[in-house]
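*Asks:* As you go down the protein sequences, you meet chains A and B in turn. Position 39 of the first sequence, counted from 1, bears residue number 39 in our numbering, the numbering being contiguous throughout. Position 157 of the second sequence, counted from 1, bears residue number 157 in our numbering, the numbering being contiguous throughout.
Do not take every clue at face value.
[What the hints assert, rightly or not] So the derived label-pair ranges between C-beta atoms look like this:
hint, chain 1, residue 1, chain 2, residue 2, range
1, A, Thr361, B, Phe170, 13 to 23 Å
2, A, Ala362, B, Leu215, 31 to 41 Å
3, B, Lys90, A, Glu310, 33 to 43 Å
4, B, Gln104, A, Lys290, 53 to 63 Å
5, B, Arg366, A, Asp228, 32 to 42 Å
6, A, Lys436, B, Asp222, 47 to 57 Å
7, B, Glu169, A, Pro229, 27 to 37 Å
8, B, Asp222, A, Pro229, 42 to 52 Å
No lab work stands behind these hints: they were computed from the structure. All C-beta atoms in this analysis are idealised placements derived from N, C-alpha and C, irrespective of residue type, glycine included.
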Amino acid sequence: MAASSDRFPPPLPATEETGAVTPDMADGDSDEGEDIFVNNSIPVAVSRGVSQPDNVNEQPPDLFSEEEAGSTTAKSNGVHSDDDNDLFAEAHVELSTNTPGGSAPKELSSSGPCPASSFTKSPASLQPTSLEQMEEDEAEDSFDIDVAVTNPEKVGDGMGAYVAYKVSTRTSLAMFRNKTFSVRRRFSDFLGLYEKLNVKQSLHGFIIPPPPEKSVVGMTKVKVGMDDPSSVEFVERRRAALERYLQRVVSHPSLLQDPDVRDFLEREELPRAVSTQALSGAGFLKMINKASDAVNKMTIKMNESDTWFEDKFQEMENEEQQLKKLQAVVDSLVNHRKELCGSTAVFAKSMAMLGNSEDNTALSRALSQLAEVEDKMEQLHQEQAASDFFIFAELLADYIRLLGAMRGCFDQRVRAWQRWQEAQSTLQKKREAEAKLLWANKPDKLQQAKEEITEWESRVTQYERDFDRLGMTVRKEVLRFEKEKAKDFKSQIMKYLDAMLQSQQRIVKFWEAFLPEAKAIA
Amino acid sequence: MMEEVKEVTSTLSVDIQSIKVTEVVKEGDTLTFLIVSEKLSGTGVYHVDRTYDDFEWLQQHLYSQEDVSGIQGVIFPPLPVKAQVNASAKVIKQLGILGLGEWQPYCKAMEAFLRQIATHSILGKNKAVEIFLTSSDPPGRQRARKNIFNRLSQAMEGMRKEGHKDVDEFFQTERDHNIVITGYAKTAAERFLDVVQTEQKIAVACGHFSTALRLCVEQGEDPDKLDFSKVCVKLSEVFDSIQKNMTSVTENNVSTLGLGLDLESRYQEAEKEMLFRRTCKLVELEITRRNAEKAKPVKKAAMEEVKKAAETEFDHISGVAKDEIARLQAARVKMLQQALVQWCEKQLLTAKESADQFNQHLRAFRGMA
């Protein structure tokens, strides 16, 4: 199943034989695998091939601990920066080098938009830090790929209009033609990429990061005009989600190998993706749930020899429920913050009116200053709401969808088992048929029967191997997912705390400035 | 300019600044306020308990000082709307910021009311004040006699007379200005209440988030799961801090600027009522003048008497009113200044404390492996 190991990363064929580049754990080919990447482009894939599932539990040496902390601010992607230099300030994905211990590679997934000041402005204060840290990171790590999604632009007019985003890549990986390049893509292109990956890669048990959902309402607003605040918010939310989606895709060492991913990042023009119907209306989770139901309805029930899978599946379902609860609370928090913006602004106006009508000069001035302070507070509340939203609400939504994708992987494994079982039962039937033919003494049909048996025997072996391999992949994916999740949440929380801290410091300044005004009233 | 007061008055035997409404006790449906004040003689403290009805009794007594010349020119310290257990939505709306919490802002407002009365040069001398503050028995509950401040009759005449043009430029200006400020002050107080109530909702949501996060903590020894659990626990602590911060911010808002805006709004209303009373007197005066002019010789002398009396009273009222307006101006500027300074200082302190807390959390997170 392994393709020739001496070539430079062979393009993935469109069929199921995708074993070429994906690390074959069950094969004894791992050593060969190491030679493929003689120029060290993707050592990650190699080390994955070498490691065993249980190794993943050990803590890899903290090569990149500094980066972890640093990359917190570097993970955001809420920046609308046209300046190419800043493009990657907040989008940073790193693939770790092959560590000698053969332990699981550390992958820092980037998945956090930064707290945008309004939903469109970028917090200037966040950028300098992330740039510094980026340089620090760069010094440490020689293999990386950064992607950013920026510059949403409306193309066309009326109902046929759409938004095109600039997808920029910066990489030192040799599999790409250039080091930095960018293309323009529309939303359906992203969905198309997902579709392609899903078809090819999910059979291997990989968690395919789910794309953001379609929104008819949102898009209609944008088609009409991109200027009003709710359209701006919608576009920014989508842009940030697309960026996180891409970052997750490229940080998955196996998915990165997929030529469709490369095409998506590199090719000037992509054929228009038309089969994105599956993701419209019903939404991603509904799709997963439908597929799950189909699996459950299959007649051969799987007898689980490995309780690990059952336990994990249960855990995941519980977690999905918990995250949904969290999501509901965060949504209500975001709404209240937005309310606070509104009431603060209205209050500020009423104080301004009071100040204007006031006869006493010093009091009048103080009241007007108060109104200004409250206006600044409103701005802060706005940022706070954005922070809550982009950092937590979207994080939770992403993980709920990712858990759904994980369930998909588990279902794949069950399907693989079922295929294997069915093949076994077919083999059995063929053997019985052969026996009957022997008894009935029909030599020509016998020959055919023997051929069929041989065919099915190899199929059974194949499917059993597939099933085992899938099982191992799923285990790895789950463990990788859990690591990523902890890191992701931690990095987002730090970003949030940072934003809160800065917010409070600004509040302190506001009050310090106001105090003398208040004292001056006589 | 005040005439000698004919009613027997007393000077208060308590230190006015020591008057405190220390707590409010719920007895069934009634709220009882505990009031403490220090004796001027230094020999101890008065403890009395009073219900809202007792406060109204006091107020009625002050209103009914008909023999105090020019009493209608007094800007009476405004008594808050009656606080009720299980208050209706209408009452809650009227109470505004005073209806928040467990009546702490309300107690502060009642306390301010008592001090304002006690320090008033005319009102503070009324016997009723001493009785109210010092008598261990509840003050008389009999309905005070019908007085000139019966609001019902005022309301009916109000619409016609409110706009009546004044003879004195000072007062015309003051009336115009007062209407504007009354409106703005009321709006500002209401809008501030909205802000405070939204802040309370945010604090509650933060508490929910913190609780929900703690439910995400998993059992087991899987290091990655433990890592995530640790993250959840830490985050829930963060949100506990955020909740605490928001609660402090709200308390600061209510106890300083909130009470200040509420008092300002009610005092502007009180001034409006006084100016209206004076305007009514003006209308009366003009009627007596016309009557005197048109009177037949037989009645003329009598009408002239009436006219003179009305003129004198009106002059007294205007005199008292001018003083009161000046007093109010000085007092409200001082009150608002205090409120703003305290508000600012408290919020500054809270902000610094919160910044410290977030810093600590941030460092703790960074320290996590």
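*Asks:* Each hint: holds or not?
*Replies:* Structure-based check of all given hints:
One distance hint, 13 to 23 Å for the beta-carbon pair A/Thr361 and B/Phe170, holds here, with the actual separation near 20 Å. Range check, A/Ala362 to B/Leu215: Cβ separation about 53 Å, and the 31 to 41 Å hint is violated. In this structure the hint that B/Lys90 and A/Glu310 lie 33 to 43 Å apart at CB is violated, the actual value being about 59 Å. Against the hinted window of 53 to 63 Å, the Cβ-Cβ separation of B/Gln104 and A/Lys290 comes to about 56 Å, which satisfies the hint.
Distance hint check: the CB atoms of B/Arg366 and A/Asp228 are about 40 Å apart, consistent with the given range 32 to 42 Å. Between A/Lys436 and B/Asp222 the beta carbon distance is about 52 Å. The supplied range of 47 to 57 Å therefore holds. About 49 Å separates the C-beta atoms of B/Glu169 and A/Pro229, a value inconsistent with the hinted range of 27 to 37 Å. For B/Asp222 and A/Pro229, the hinted distance range of 42 to 52 Å is satisfied, since their beta carbons lie about 44 Å from each other.
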